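**Q** These are the residues of each chain, in order.
4 protein chains.
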Amino acid sequence: MSSHPRVRVAIVGATGYTGAELLRLLLSHPHVEITALCARDKLTPRASTMLPALTGLVELPIEPFDADVVARKADVAFCALPHGASIECVRSLRARGVTVLDLSADFRLRDPSVYARWYGAAHTAEDLLAEAVYGLPELHRDALRGARLVAVPGCYPTASTLPLLPLLASGLARPEDLIVHALSGVSGAGRSANASTHFSECAEGVRSYKIAGTHRHTPEIEQTLAHVAGAPVTITFSPTLTPMTRGILSTVYARPSHEQVDVAALVEAARRYYASSPSVAVLDAGMYPDTLWVRGSNRAHIAYFYDARAKRIVAQGAIDNLVKGASGQAIQCMNLACGFDEAAGLRAPAMFP
Amino acid sequence: MSSHPRVRVAIVGATGYTGAELLRLLLSHPHVEITALCARDKLTPRASTMLPALTGLVELPIEPFDADVVARKADVAFCALPHGASIECVRSLRARGVTVLDLSADFRLRDPSVYARWYGAAHTAEDLLAEAVYGLPELHRDALRGARLVAVPGCYPTASTLPLLPLLASGLARPEDLIVHALSGVSGAGRSANASTHFSECAEGVRSYKIAGTHRHTPEIEQTLAHVAGAPVTITFSPTLTPMTRGILSTVYARPSHEQVDVAALVEAARRYYASSPSVAVLDAGMYPDTLWVRGSNRAHIAYFYDARAKRIVAQGAIDNLVKGASGQAIQCMNLACGFDEAAGLRAPAMFP
Amino acid sequence: MSSHPRVRVAIVGATGYTGAELLRLLLSHPHVEITALCARDKLTPRASTMLPALTGLVELPIEPFDADVVARKADVAFCALPHGASIECVRSLRARGVTVLDLSADFRLRDPSVYARWYGAAHTAEDLLAEAVYGLPELHRDALRGARLVAVPGCYPTASTLPLLPLLASGLARPEDLIVHALSGVSGAGRSANASTHFSECAEGVRSYKIAGTHRHTPEIEQTLAHVAGAPVTITFSPTLTPMTRGILSTVYARPSHEQVDVAALVEAARRYYASSPSVAVLDAGMYPDTLWVRGSNRAHIAYFYDARAKRIVAQGAIDNLVKGASGQAIQCMNLACGFDEAAGLRAPAMFP
Amino acid sequence: MSSHPRVRVAIVGATGYTGAELLRLLLSHPHVEITALCARDKLTPRASTMLPALTGLVELPIEPFDADVVARKADVAFCALPHGASIECVRSLRARGVTVLDLSADFRLRDPSVYARWYGAAHTAEDLLAEAVYGLPELHRDALRGARLVAVPGCYPTASTLPLLPLLASGLARPEDLIVHALSGVSGAGRSANASTHFSECAEGVRSYKIAGTHRHTPEIEQTLAHVAGAPVTITFSPTLTPMTRGILSTVYARPSHEQVDVAALVEAARRYYASSPSVAVLDAGMYPDTLWVRGSNRAHIAYFYDARAKRIVAQGAIDNLVKGASGQAIQCMNLACGFDEAAGLRAPAMFP
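Residue numbers (my numbering), protein chains in the order written: chain B, 8 to 360; chain Z, 8 to 360; chain G, 8 to 360; chain W, 8 to 360.
If you're looking for bench data, these hints aren't it; they were derived computationally from the structure.
Computed from a prediction, not measured in an experiment: that's the story for all the values here.
A portion of the hints provided could be inaccurate.
If you want the footprint, here are the derived chain B segments under chain Z, 3+ residues with CB under 8 Å [as the list claims (entries may be wrong)]:
{"#": "1", "region": "240-253"}
{"#": "2", "region": "256-268"}
{"#": "3", "region": "293-305"}
All C-beta atoms, glycine included, are put in the ideal place defined by N, C-alpha and C.
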């Protein structure tokens, strides 16, 4: 099926949700051999002890991170560590020539002063920032080909910018006055157990958090939108926790640039924009994206509505936060970086129901 | 505890979710005796057959609706029927002198032409419209005292207008450019089983429906806001189905009327506005409403945020759609109509977790 | 409504789930005034900060436990602490004359050697064990009247013994060869967050734990059954975690004592046995208990089936683990201890849906 | 990757959950080309209209069933129709030489009189029964090679017999006195919406149904166990609905044939029995199967416990009811029937979380 030799891949941070999801997806990837698993805790001689879903499928150990070992065993490393913890790991791997897909926030913001303001600490690897490519293939496909350090986007930014990009690129929507109301499943909070991820306090409740300009994905979304709009963008962003495991449904409110806008024009612009993007489906007018329809897949479903009474565009994007919002997108970037087909290993449809 | 004689109460539409919830709440009401239960189907000699939660607690039959029988057995009737089906039931009961709390949409819109436009049929009881009082006690408390026909508000309108009323009444927010993004639990769709309420298609998915000016609660919300603003209001409204049984979390985006607005001012205005309202709690600055914190109670939790970067007010209201959004609010209106304490039978805190 | 003076009540361990549930239920109790709240952490000048459901309803502080203070402020104390932590608290309160309802396991097992075997530590208050009454009102109603120390049963034992008691007392079932397969909601694991209560790892999975004679509720169930059977009882017990917040559904398999048994006889025996028990409803033959039908209420629904092919009785009990399985049952015991109506404050039906 | 030509496959009953799952799995199968989709309703020129997860992935129409058309387009047909409806469809396809994987119950029971007793109608295709092979590859692997009509087992029978087969085959457990307590996700009830699948009535409740010898999977389980035990088997079977979409956790209680049994012996016997079965993993002693660990995969996790106090074996099996319990198992059978590797297209690990 393929003439590519398999690349050897390491996963650093293998025991969190995005690490586990990388394992799930890479096991079916035609051009990949998983050769090393590292983590900061939950070390074990057999990965399946920590991740019983892999019983009989993966028998690698989960070991402490050692850059020399990883560089010897792997050509490509996925770093699925918390922000802050990622910088030194990435530096050590890049110094040894390993291609790195970094899933943390550490290399996403181009401007270190913005990083410092939102993450509360000076960026300690500005040299690497220059090398890093922002891993939204639908926007930076060419730059990702052959990239050696990829900053994989956050889940909210992916779901929120995908429906907006065609509108800003085409000029159909105005870049000011944008509101992003985004619903996330609980796995977005990571595998750490705390009050806000306790089943009993999630299962029958919804609540927002870090709204009104306080969530760290705000500047990341703005950076991408500004890149396309060609001007600074300020959004109002409302992340909201909903009782499901996976999924983000992001609703974007925007003003049309003129009053003749209609849904057909919005859909048409988006279909043109994403014509060569295997991971984005623009739904027919009248259909509503549902996170269930993309769960487990590397696909974004986007849709457009026009409120003629209020003269406002409503656009929605649905993704699986762990796939197109993290691990799947990282693999999509790896495919481009390594010269594989962009969709290699990522063609499986969503699991419904 | 009370010198009130008990009023005799009938529930018409006892087998749906709001009917069942009326039963639950009225069973603990100090001034009420439930004397008749009617429904269109699921008739049974013993209510507990249809509603096993009542086993050993309620042994009334569920009978077909007969206005004469209801008028003989009850002083007050709650009509929990679908819109359209309610009008004739209400007319027949009012003709016999029964006080009616109508939970349908049939008497909510003051202007019959608006009703006709959104509900697709001419209103056939314009005479009764004049008598009907819109049952939002926080806004129409005085008119509800002694009322004989109350149009109990919809769940979305209750959750969405409560946080906005103080802002519009005080002039802190501007009445144009309003967006309402509201999340609802599945019970809001009623007890009828269909694809969109199937567990397997709800449990791990979120999706919007009837957005961009198409949901029938849109004119109801606008009517209430216009009443307070003193001018027509047009909103963008996005109802969204989330995988929980009960609850609405409504997020409202509004423009401040001047730039010196801050959260403290918003909270202060709301606390003043709701000072004598037992069913509304204005949360401290920094706290987020959670539908879990109001589940099962007749309380609304509202909270305010200010996005200084984008110069936008974000206000939220959380209610239980079946209680403050339907049956509890109907009882609150009954209390006012009958001269009871507004909170009688409605003081129970939420069930957490 | 009542000529009883209100008893002054303290809750020790107010911030866990059973503590919060005591607050919810006691706020509606006609003969109770809550006067003190204590906890080991989450201390706060205003309880509603930790339990926002109480905003505007309870403004007591949550303070560290001090036996002198509690004894001065309260006549009755509910101790909702983990086992082990409870013994000293109970001792100090009993020494000061406070009536104690203890929700921990510390005083449930009559035989200290059994306690030592299952809880891994010698019992340090054998003197108090003699005073303690096991708080299953359906079995020990008379002993509970006027009791000063009540060991409130565990959730699994309550749900599992209630359907069996009438069968063993009547001799319809044999006391050997008993299997208890019980499903629990996640709140049964308490408010502490850990991997096994993480929403993402509960919401779409079921798994057993501590089966085959290893769960600590095993000897408690056996003790109660042996008391009724008049002989030692050994059960096989399989607790299983299911993705719901509240509820226990316990299925019991038993051998009939003779082959002429049928469902009618089982139901009849149970109805006779529970004729004067306000918290137990024996369902009609053919109906299945559902945890949803008892959620939030202090009621147990029990039902009987007979597998004539395999000659085996199948009995089921459904309760809300936080109410009839903990806090509600504790209040039921308090009612008996204080001479109130057994059902005072506990009459509310379940919240459906 | 493969020298096999692709077989052309039709799915009859493509719009139900097992039909949708066949589509999901077959799209990734290396030796399959999907050529026809049929259904009884929800007909559409584009499958993705009914199954939006397939948007951009499958553009076949969903058409009414026509045996001639299916026989012309496909070599192999999966019939995912309700029992009763399947018989004629299977007959017409077999008459035209199409290999059939039937997911209904119509060809599972070897004895037509047992079928008549449990399904309430005489079997109308006894001739085909002789040809049908029961599709549990772990038991009938050889008979499945080259089979032309396969009766794919039910979900409960798969989860319940897999842990028992090694015990009965090895003689470690006795074939009498067996109890099967099985928990199922809601998708097991199919895609039809009714009261028992309504989110609001499932999400926070568990309840059994058709217990004590009344569920139609009872004779199917007994038939398989009797085959291995070499003697008639009668079980007590308790199916129970739990609030999750996918998964079955079946707990089996059995008596050991002698008292020296221990967990190590049980695990060892099972590992030997399933040594060449790619879809069964026998967990290490002490691990509990979790439906979440097999969700979306064609794998069964089985585990063994021994209750030495009560001298009883407790065995558990966890599967995804739509995969190893239906569509995945059907594909596994197809692989054997067509001479492919048994695990072709079925190697993906579970989706966690």
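**Q** Has the region 240-253 of chain B got at least three residues whose CB is nearer than 8 Å to a CB belonging to chain Z?
**A** n = 10 at 8 Å, threshold three: holds.
**Q** With a C-beta cutoff of 8 Å, work out whether three or more residues of the region 256-268 of chain B approach chain Z closely enough for the coverage to hold.
**A** holds (count 3)
**Q** Examine the region 293-305 of chain B for residues whose CB is less than 8 Å from any CB of chain Z, and state whether their number is three or more.
**A** holds (count 7)
When held up to the earlier numbered hints, the structure conflicts with none and fits them all.
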